[in-house]
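S.K.: Letter by letter, the chains look like this.
4 protein chains.
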Amino acid sequence: MVPRYSRPQMTAIWSPANRYRIWFEIEALACEAMAEQGAIPVEAARIIREKGDIALAAFSDADLARIDEIEAETRHDVIAFLTWLAEKVGPESRFVHLGMTSSDVLDTCLSVQLTQAADLLLEDMDRALEALKTRAYEHKNTVTIGRSHAIHAEPTSFGLKLAGHYAEFARGRERLVQARKEIAVCAISGAVGTYAHIDPAIEEYVAAKLGLEVESVSTQVIPRDRHAAFFCALGVISSGIERLAVEVRHLQRSEVREAEEFFHKGQKGSSAMPHKRNPVLSENLTGLARLIRSHVVPALENVALWHERDISHSAVERNICPDATIGLDFALIRMASMMEKLVVYPDQMIANMESLGGVVHSGEVLLALARAGISREDAYKIVQRNAMATWTRLGQPDGRSFRENLDADPDVKDRIDASVLDKAFDPAQHLAKVDRIFTRVFG
Amino acid sequence: MVPRYSRPQMTAIWSPANRYRIWFEIEALACEAMAEQGAIPVEAARIIREKGDIALAAFSDADLARIDEIEAETRHDVIAFLTWLAEKVGPESRFVHLGMTSSDVLDTCLSVQLTQAADLLLEDMDRALEALKTRAYEHKNTVTIGRSHAIHAEPTSFGLKLAGHYAEFARGRERLVQARKEIAVCAISGAVGTYAHIDPAIEEYVAAKLGLEVESVSTQVIPRDRHAAFFCALGVISSGIERLAVEVRHLQRSEVREAEEFFHKGQKGSSAMPHKRNPVLSENLTGLARLIRSHVVPALENVALWHERDISHSAVERNICPDATIGLDFALIRMASMMEKLVVYPDQMIANMESLGGVVHSGEVLLALARAGISREDAYKIVQRNAMATWTRLGQPDGRSFRENLDADPDVKDRIDASVLDKAFDPAQHLAKVDRIFTRVFG
Amino acid sequence: MVPRYSRPQMTAIWSPANRYRIWFEIEALACEAMAEQGAIPVEAARIIREKGDIALAAFSDADLARIDEIEAETRHDVIAFLTWLAEKVGPESRFVHLGMTSSDVLDTCLSVQLTQAADLLLEDMDRALEALKTRAYEHKNTVTIGRSHAIHAEPTSFGLKLAGHYAEFARGRERLVQARKEIAVCAISGAVGTYAHIDPAIEEYVAAKLGLEVESVSTQVIPRDRHAAFFCALGVISSGIERLAVEVRHLQRSEVREAEEFFHKGQKGSSAMPHKRNPVLSENLTGLARLIRSHVVPALENVALWHERDISHSAVERNICPDATIGLDFALIRMASMMEKLVVYPDQMIANMESLGGVVHSGEVLLALARAGISREDAYKIVQRNAMATWTRLGQPDGRSFRENLDADPDVKDRIDASVLDKAFDPAQHLAKVDRIFTRVFG
Amino acid sequence: MVPRYSRPQMTAIWSPANRYRIWFEIEALACEAMAEQGAIPVEAARIIREKGDIALAAFSDADLARIDEIEAETRHDVIAFLTWLAEKVGPESRFVHLGMTSSDVLDTCLSVQLTQAADLLLEDMDRALEALKTRAYEHKNTVTIGRSHAIHAEPTSFGLKLAGHYAEFARGRERLVQARKEIAVCAISGAVGTYAHIDPAIEEYVAAKLGLEVESVSTQVIPRDRHAAFFCALGVISSGIERLAVEVRHLQRSEVREAEEFFHKGQKGSSAMPHKRNPVLSENLTGLARLIRSHVVPALENVALWHERDISHSAVERNICPDATIGLDFALIRMASMMEKLVVYPDQMIANMESLGGVVHSGEVLLALARAGISREDAYKIVQRNAMATWTRLGQPDGRSFRENLDADPDVKDRIDASVLDKAFDPAQHLAKVDRIFTRVFG
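These protein sequences, in sequence, are chains A, B, C and D. Converting from the first sequence to the numbering used here requires adding 101 to each position, the first position being numbered 1. Converting from the second sequence to the numbering used here requires adding 101 to each position, the first position being numbered 1. Converting from the third sequence to the numbering used here requires adding 101 to each position, the first position being numbered 1. Converting from the fourth sequence to the numbering used here requires adding 101 to each position, the first position being numbered 1.
Chain A with its partners taken away, still in its complex shape:
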């Protein structure tokens, strides 16, 4: 992910320094466990921990360069790290990594990084949820037109719209919690997962210390269906971001103007057109959603590794793990901030709702005619006839409102009272259940 769409908190998780810190932690914990078991000297484990902690605390670009230098020769990243560690720890380093395979370190480290990332994403979601909730309550009774097919349908409230997005993100949060659980596993099981040279107790010890579960059965690696499920969860959440972003983009369009992204002092919308105030945040979120979603397929393709593992997944994960989590972290915070500061225009909402001459109340009129004993088919024809008469003459000198047309139609006025029509044209009915829905959503 390009720096433009990155926050330091998430980027740090994917830094070499964090990775090597975790690698060492896994190795050091495994040594402690082996020492407890008597497999290696207690003193060796102590020295490894002590000297390693010092080396990692002082980890610098020089260390990074040294590791890269070793890897250039060995062409193996874990061996390069272990060799560097040996240079720091001394002779006791021969007790490090005993009976383990590289994937024990690599995969358990990835689990730690992904859980760290998930924890940050959960915080982000909480902020996004809070923003949506606040704005939803603020606009619980702000009347606006509901639209299906981008055509005015019936009134609703702006708060209710936001409550729907809140509920979607709340589901997304649950999915993320579940996805975090999927990848919060530790595997220290040796070359092909048989624990031939290492006791399962080592794995249990390391897992407990790292806050992970033990993988019930690994091959050489932690199975990639777990990671695929994780990226799926991110993909679904990002699609929810896109849905909200598309809503904002629609609301800000020149002909709608019901809401606007906050426009900063000094901000310029266009190099050529000084009048422009563009919904660039929500457009950006739309693009970021495409990116995050694009990581789902390669994650799925990574599942079918050959036999006990091949390393094709590695190049994919080195890219999509940071890209997807950094991108989603950035997008969630940007979305939360956008919603916190969204400028809402309730008057314009009313104006738009009323701009179609009242046809948006056709559904209730249809019901009123049905209640008056007219068949569904006939009622539909009567209402559609009057609505279309309104619609096609909108803004014309001879145009009449839907109500005026209905009042002039014998099929209507002879059958239902004006008071019934009055009620049918009252937006209040559409907000009557909002409290009940809010209780469902926000508890």
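A hint or two may mislead.
Any copy will do: because identical chains look the same in the list, a pair fits if it lies in one copy or spans two.
Straight-line Cα separation of at most 30 angstroms, DSBU-like style, residue types lysine-lysine; simulated pairs [to be verified]:
(1) Lys482 - Lys366
(2) Lys234 - Lys282
(3) Lys534 - Lys282
(4) Lys234 - Lys366
(5) Lys282 - Lys241
(6) Lys482 - Lys442
(7) Lys310 - Lys282
(8) Lys442 - Lys534
(9) Lys482 - Lys524
(10) Lys524 - Lys514
(11) Lys514 - Lys366
(12) Lys534 - Lys234
(13) Lys482 - Lys189
(14) Lys366 - Lys189
(15) Lys189 - Lys152
Hints were generated in silico from the structure; no laboratory data involved. Note that the coordinates shown come from a computational prediction; the quantities given were computed from them, not determined experimentally.
Starting from the structure of chain A, add chains B, C and D where the hints point.
M.R.: Structure of chains B, C and D alone, referenced to chain A:
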């Protein structure tokens, strides 16, 4: 999904007859609930139920044609159905669908169909799990070589391989249970989800009768993140199918021959080469996995509907809902059957394992040298040197086994006893923890 | 593809009858070529052709059932067909398929079907292009507001918008011509592409008769990069359909109403809201685009077949070949028809353009100030200040138009003449180059 | 793309310095053209060019920081650059960017960068093609077994395999040339593509100087179907890389060992198993192919921008443009190098081919029986019977070779001479047409 990859059980769920049956059920239940509430006459609800039940029970191609005919004029599928129903039910039909919108019927019906599909898929998975478990126990102690990078690594057991696949499908089953829950929701909330013309109690009644949960907040539709999550779950499961299929394809290749798909009497592998016995089932499963996985992205793209809904999702779902569930149903049953009948060749497994002159035991030798006090770096060089000497002369007249090379190497023989090497070359150590792993996996 | 989105012309290409007709044609042509070479008796080739033609001309469901029956035993589709053919042709059938492999028939047949499909798609595109061109010329000078970020930018013409879509589909047509060429290849090269049992002259003869090129080097199959490129071309075209569909959806939205899909007599927009006239065609096209695009990834995944081929691609192609071509054929015709009948509202276009108080002319005012010697930075501030003053008071009692605000601003009026502003506010300047662009696009 | 999979040549194309250099070039060229037209003073254009060239030549991190600082306020990247440029150029800067819109600069710059990237990729492909051609000729007559379904089929030559990959990359190269042409376009057409404030002659001048074609009709942007087609071309090429990579991985697997990636001195295959020599390059290429392929879908999703443009594509392109081109550049060079140094084992190829007791010659025996007048059906049964008898007893004490079984079968020996069988078992027949194929492929 083409008929070739379809089973009638799943296809039936997506038939027009099943769809119309469910549509009617939703409408009839809603009428019952409205009657209970006093919103429509009890007698009307009774007649709708009675006459509708008869019409649906006798549903024929003529009815299908009639509905299509009406839709050709109205260009609206739900209105076409309601008009047909009115022809069957008579005047009481005017109480049908009161205050509801098409999506109330369409989306709740889709929820019912997807849960029906999920239930069948769960049965399929149970059969697949059972097959994997049975074969895993059968081959719990069948020694075979574990491979990373498709290169011999260390011995494992064939049953342990299968246990890994079992565990993956068990996770997949849990994901499917969760995904089923995601889409087992009912929405009867009217035009834009405000319950303006219909009481939430109607929705609650219908949901309870259909075994669904009530959607906490709908727009005009049930939010599509639910469906996206459903397709993601299918995509991850299909990738697990691919992993097992790729394993079988590898095991059956001419140079490996450790297992074979059952070859039917009369079956022909090739029109040109009568000797061929090809792993066509597992290859087919690989292709089906690609198909099922391909439905994930359009499902994600369906999430960001405009405002309270647009209908772009419809064309996608009309295709991917049947395609993905029919395809996965077929694939799971084909996979289960393939595994039930898989022909396994333990002798060939041993022969392959031994074909590399014993270098597969290099890991344990490395540890033995380390335990003898040699540094990791030096031990690695010693072992690699001897392994490569074996490897590069494999099958040559002057070739020596890994053990022979080690025995001749002063750096080895001067430091560790022959008995230690004997132990290092014993495959038994690799199976020692299999019971423990099986307990973790199968309980 | 579900029947709802299928046209019979394209569906027929993918029918079993067409497939078997092509299979026979390939076999019969190969026999003719072999007879010419003296590899088989001329009389045998004559009888095969004669009896085969009769059998295929009379091909019925009974034949289909018979082939399926044989395949159920042999589990091999080409062998099943050849066995059925032998039943029809008699003893001379032993000269059929000599030295060939199934893929010679399957892949060459697929090439024929895909070229047939491509030819139909090219016709579709011609109709779509014609519709776009006609409407573009019709509205060459219909002034409408151009929008970036869905915010009013500067005036343009509706015809110019359509010219842009025309140019995109013209590029798509070229890509399709190229893609057709990619898959218009014939391979009759035997088991692994070595022509071990069949002379390359046979392939050349069949290719020439079928209007195909000879594959320069096949494995057992025609390489799948060709098919992947084909599906990519369809994917790009479908994305162009989506772009036009999204434009129409925007133009039809209640607040814009600049254009509308033709609304059929009798058509109903909503079961609950009789006033609705929804852009269902363009929404449907959006969904179809998602579907067609979803076939690109599995087509790409099909490329990396194992060694000289595996059969994983088959299940994918049995689905995506018909689905993508049927879907795109349907979508192109639907789109062409939609554009032919699109109802355009030029008055509303003017009304919308003028609704923002003239700020859409800010760019030209900026230039006028720059020409008057004001620095870019200062000019920008002046113009933005007046535009925002207009924008934020739009529709308010104290609101002033952009021109009024400029006229009252000493930084403007002291520096540029009213006549210069008059010119800056004249939409004509935005249409001055339309002829030139049309010449570029339409020639 | 992470640095690990990046080469400096390609990375440089996507550096801020290169981008700003191109931005300036576009602005300076536009000024020159405007001066030629008399739209701005010639002296101004000269000063802009002169001072700008100096500023860009001296471009440093401080300049980068200054631009970022301005963008932090204006939230607009092009305005930030223009403001910085104004600081360097002085008062004449007011003639820069006159009548242009940001996208004129952004999109034309992207065209330049993508063509630069394409040129480098074409060089890479040439190296890859050269490597494949060299190795193909080297192994033109190296007999190896052809495999379908990973099962031995019939002999072929290793050179012929490589010729097939060569032909695929040659097609890929043509697609890349075409894709380069697609995006080598310049648009300088103002706010919504109407040239309202800028003469088309400016665009023509800039295009010619930059080696680009003029976009026939732009909106605000160069239409994204061009870019989508570009990424599709990269996706197809990457799938070809995957096909070759998968071939190498298969050939190197322990049971096949027909070829091996070059293993560097000092290289370590595994931290736990010193004997390992893993095909890590080809596995890595497989993963990179997944990554590059994953950019196709977001590129397709970018096509349907709203109206004259929205900016959702931007976030996508900022990532996938560098990621896909850097990744493919790295992958092509890695693949070329891997093929240049691939270690091939012809003896092992022969050994593998012969390991199945000669059943790989079943196709020719089938034909021999057919030529002897036996029906296809009967001949198939005879050959399959003997092949299976061989296959199922492979390596058993009582196992007999295919030839031995045929010699003992009266249905065979009574009908065809031993000399015919001798010929059927001669691998030479399979190489007879290799020269002809090579001529087709390599000319």
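S.K.: Does each hint fit the structure? Answer for all of them.
M.R.: Taking the hints in turn, this is what the structure says about them:
1. Lys482 - Lys366: between (53 angstroms within a copy, 12 angstroms between copies)
2. Lys234 - Lys282: both (26 angstroms within a copy, 25 angstroms between copies)
3. Lys534 - Lys282: Classified as between; 25 angstroms across copies, 37 angstroms inside a copy.
4. Lys234 - Lys366: within (27 angstroms within a copy, 44 angstroms between copies)
5. Lys282 - Lys241: Answer is between: at 29 angstroms across copies they meet the 30 angstroms cutoff, but 35 angstroms inside does not.
6. Lys482 - Lys442: So Lys482 and Lys442 pass the 30 angstroms test across copies only (24 angstroms; inside, 45 angstroms).
7. Lys310 - Lys282: Answer is within: at 16 angstroms inside a copy they meet the 30 angstroms cutoff, but 34 angstroms across does not.
8. Lys442 - Lys534: within (27 angstroms within a copy, 41 angstroms between copies)
9. Lys482 - Lys524: Within. Shortest intra-copy distance 21 angstroms satisfies the 30 angstroms Cα cut-off; inter-copy 51 angstroms does not.
10. Lys524 - Lys514: within (14 angstroms within a copy, 54 angstroms between copies)
11. Lys514 - Lys366: between (55 angstroms within a copy, 25 angstroms between copies)
12. Lys534 - Lys234: within (17 angstroms within a copy, 50 angstroms between copies)
13. Lys482 - Lys189: between (86 angstroms within a copy, 21 angstroms between copies)
14. Lys366 - Lys189: between (53 angstroms within a copy, 25 angstroms between copies)
15. Lys189 - Lys152: within (7 angstroms within a copy, 53 angstroms between copies)
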